[in-house]
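Here's the letter readout for the chains.
Protein chains: 2
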Amino acid sequence: MAGADMHHRTAEFRKLYAKVLGQLKAFIGTQNDVVVLTASGTGAMEAAVSNLTSPGDAVLVLTAGKFGERWAGLAKAFGCKVDGVSAPYGKTFDLAEVQRALGAHVRAVFVQATETSTGVRHDVGAIGEMLRGSETLLIVDAITGLGTTEFDVDGAGVDVIIGGSQKALMIPPGLAYCAVSERAWAKMETSKQPRYYFDLRKERKAAAKGEASYTPSVALIAAMGAALDYIAGVGGGDVAEGRKQLVANAELCAAMTRAAVKAIGLEPFAPQSPAAAVTAVKAPEGMSSTEIVKALQAEFGATVSDGQGEMKGELFRIAHLGYFDYMDTIALIGALEQVMRQVRPERRAELGEGLSAAQQEYARRAAQQRSAATQV
Amino acid sequence: MAGADMHHRTAEFRKLYAKVLGQLKAFIGTQNDVVVLTASGTGAMEAAVSNLTSPGDAVLVLTAGKFGERWAGLAKAFGCKVDGVSAPYGKTFDLAEVQRALGAHVRAVFVQATETSTGVRHDVGAIGEMLRGSETLLIVDAITGLGTTEFDVDGAGVDVIIGGSQKALMIPPGLAYCAVSERAWAKMETSKQPRYYFDLRKERKAAAKGEASYTPSVALIAAMGAALDYIAGVGGGDVAEGRKQLVANAELCAAMTRAAVKAIGLEPFAPQSPAAAVTAVKAPEGMSSTEIVKALQAEFGATVSDGQGEMKGELFRIAHLGYFDYMDTIALIGALEQVMRQVRPERRAELGEGLSAAQQEYARRAAQQRSAATQV
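In order, the protein sequence lines correspond to chains F and U.
Under this note's numbering, the first sequence has 226 at position 223, and the numbering climbs by one with no breaks.
Under this note's numbering, the second sequence has 30 at position 27, and the numbering climbs by one with no breaks.
Don't read these hints as lab results, they were simulated from the structure.
Do not rely on the hints blindly, as some may be mistaken.
Any copy will do: because identical chains look the same in the list, a pair fits if it lies in one copy or spans two.
To be verified - Calculated cross-link-like contacts (lysine to aspartate or glutamate; reagent style DMTMM-like; alpha-carbon spacing at most 20 Å):
(1) K212 / D331
(2) K297 / D328
(3) K22 / E356
(4) K212 / E313
(5) K247 / E302
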């Protein structure tokens, strides 16, 4: 964040910002124009609604957790007629049900790539396939999905994809970004929602000159540039390649965690369609996840998240975002073994069983990778 | 390091510096006056020699590794007649031999609390006991010993104890500090070595006014204050209590590491008197430790140190300083298991054996602590 003192109306900032915008395109994996907003991810979610709908528009919101519900709340706040397909917490949608809810009347579909509150991955590609050839817009909150899930944004026909600064980009919260398709830019012209700070067309014009419409969070943009440089470095100078490795790392950590959790005798909350961004784990019967979260923090300084809202106490969530790597994963599993032994002494797994399962998963994947590399 | 812009001739700096000096006394566990030097630890080692000896003085240097040898080099550079008691790398001194080398003619004994190059702990208390009632000064390099070893500095009669900023205080290198006994301050008046930048009497006078003799590394002093505040926080507001917990953490991590290393089939380099600051591990026969160090870095981003000087290739060293905790220890052991399996496939231990041994050691110590707490 060394750029904190840079003024945003200078050639220096314009150069930085243009660089960051280009890197973000590569990070997202899109040819579409990208804009950055000084806001949290929810601000960009609002921008998608306010720039691409009009009051009374029929929209379809796919909800399977707290973040899906946020889409519904936003669309309702902007006067849309909200139809919903929902899945129980811990599951993804029934795609046939989604198909039945679609139609020419639907202005836009809103979905998460990853439902962070339950650790579920949704099949954005399949939903894009259903929409192919239609006029319905596909709007994806990928705040935790970008950098943890590999999918073809443009190939799937995603019209707006949204990311945040504090997730896979590993910098403090305070910036959101989105990539917008050409047809969505066109449709924005006819949208009748009030918008000013989040007017994406204005941001796009400013971005073309390397500027932001309003005073941006310069320090965070500098930090974002540094994070993207880091990701490029991981990819041998190529941001897209670095992102692929970030995703592979998240997938690896998530697989190790799932294997360990089962070996410890715990149950993953989303066994069918688990996200790589976060692994949600059910609290054992008769005990609260809050107790596990607190014990991990108190004894080991290990941060996992409790369930959100009414899921508090029911599950805890282990993140695999950004820098979180093999070392962190092994350490957390070790701590979890110790905590589970202490809080459930009557049902204790042998110490080391979760760790061994994670080690086996790592070794198996590493061997696969080496074998794949040899075959190439 | 947020104090980088503070000028050092201001009330603000004086307040900070006075606070840091007080906290350092508590961190060291001494009633003696403390001064801070803008230099690395070796600068403070030189200050002890240049302020407390005269050319031709007989001094006894206890050497068991690279840092002991540095004492000998310094004393020789200042024209002292250096007698030495040495132990082979990986061992501590024969105390009977030390006793035989002492006598009224010896101006000062120079020793390390922890010989970082080999991971050996020396018994400072026992050496202090031998010197009780004598005029011989006891000068201890505790650059890695402070915050990793609990010993009674004043009770052992330590005349000069030296620490550095980058070790247990967890901030960048660039500052050293030392506590000096009343009799050492007095003896300084008759010492005939040239000294200016490292004149400890001048620093003591300046420190009494909350100042430094020369422009100090203000940003590092601010960082040191923050680190000491953190340590105080660990101790419920008490720096000394925080230090005790830091030491207990280092002892725990070292014990877990030793248990794991043996379970993986490796051999600790200093089995007799292992330091808590660092665990040195022998490279298996027929292979270089450099290979293990590189593989840990390349595959896991895990940093361990190779042997120094002629020990390069012979051993690697795992640090347990400062923030390094249970989580880091477990993670490193996991990585070490994977690396050893890859580099020595023919002699591989089962994955998880080292981790399980570490887990057992943790559980054993945690149970002991709980039992001790119950008895109190």
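Here is how each hint holds up against the structure:
Proximity of K212 and D331 under a CA criterion of 20 Å is satisfied in neither setting, with 41 Å inside one chain copy and 46 Å between copies. Taking the closest pair of Cα atoms, K297 and D328 come within 20 Å of each other only across two copies (18 Å); inside a single copy the shortest separation is 22 Å, beyond that limit. Proximity of K22 to E356 under the C-alpha cut-off of 20 Å is found in neither arrangement, the shortest distances being 47 Å within a copy and 48 Å between copies. For the homomeric pair K212 and E313, neither the shortest alpha-carbon distance inside one copy (46 Å) nor that between copies (58 Å) is at most 20 Å.
In this assembly of identical chains, the alpha carbons of K247 and E302 lie at most 20 Å apart only when taken from different copies (16 Å versus 34 Å within one copy).
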